[in-house]
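Visitor: Work the whole structure out from these sequences, hints included.
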Amino acid sequence: MRSLAILVVLAGCWTNSSTPAPVPPSEPRASQNVPHYIAPPPREPTPEEQVLQAMSDFMERMCACSDMTCAVQVSNDLTAWSQELARTRPDPPIHLDPEQTKRAGELGMQLGECMQRAVMPPPLPASPQPGPPPLDSPSSP
Numbered sequence: 001m002r003s004l005a006i007l008v009v010l011a012g013c014w015t016n017s018s019t020p021a022p023v024p025p026s027e028p029r030a031s032q033n034v035p036h037y038i039a040p041p042p043r044e045p046t047p048e049e050q051v052l053q054a055m056s057d058f059m060e061r062m063c064a065c066s067d068m069t070c071a072v073q074v075s076n077d078l079t080a081w082s083q084e085l086a087r088t089r090p091d092p093p094i095h096l097d098p099e100q101t102k103r104a105g106e107l108g109m110q111l112g113e114c115m116q117r118a119v120m121p122p123p124l125p126a127s128p129q130p131g132p133p134p135l136d137s138p139s140s141p
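Mapped onto this note's numbering, the consecutive letters of the sequence shown carry residue numbers 1 to 141.
Hints should not be assumed to be uniformly reliable.
Stated by the list, open to error - Straight-line distance between alpha carbons at most 25 Å, and here's what the computed SDA-like set of lysine to any residue pairs gives: (1) K102 / A126; (2) K102 / Q50; (3) K102 / E84.
These aren't lab readings, by the way, just hints derived from the structure by calculation.
Guide: This is the structure we're talking about:
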């Protein structure tokens with residue numbers, strides 16, 4: 001009985017056909033139906049992003065300064081920009097979110113540090129010889 005079951009299974013699987021079974025037409029692939037992705041045009045920066053970018057630009061310019069003349073010029077440009085912004089900015093005024101406020105504070109600190117570095121006179125060279133004793137110290141005979 002067991003061999004009869006095996007024989008039935010083998011006979012059912014055995015084919016003597018020389019032509020392969022027809023392959024059903026394949027579905028078009030999804031990539032053929034999807035148009036090519038086209039990136040959207042870049043969006044315009046918000047007024048807040050424009051202000052932060054301008055602050056970053058002024059900070060970079062100030063940090064590139066190595067003398068007072070340069071620092072004064074950047075400072076004058078920054079003042080003129082902020083006055084123009086206040087004059088031409090329509091309502092509502094610019095409101096920075098907490099993250100933007102933090103970034104603006106960091107930029108302001110960096111700009112101030114760079115300005116201070118640019119306007120400070122260079123340090124005096126170290127004296128290789130000790131100087132004379134202070135005037136207010138008693139001299140020993």
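Visitor: None of the hints should be skipped; say for each whether it holds.
Guide: Verification of the hints:
About 40 Å separates the Cα atoms of K102 and A126, which puts this hinted pair outside 25 Å; it is violated. The straight-line distance between the Cα atoms of K102 and Q50 is roughly 16 Å, inside the 25 Å bound, and the hint therefore holds. With a C-alpha separation of about 23 Å, the suggested pair K102 and E84 falls inside the 25 Å cut-off, and the hint holds.
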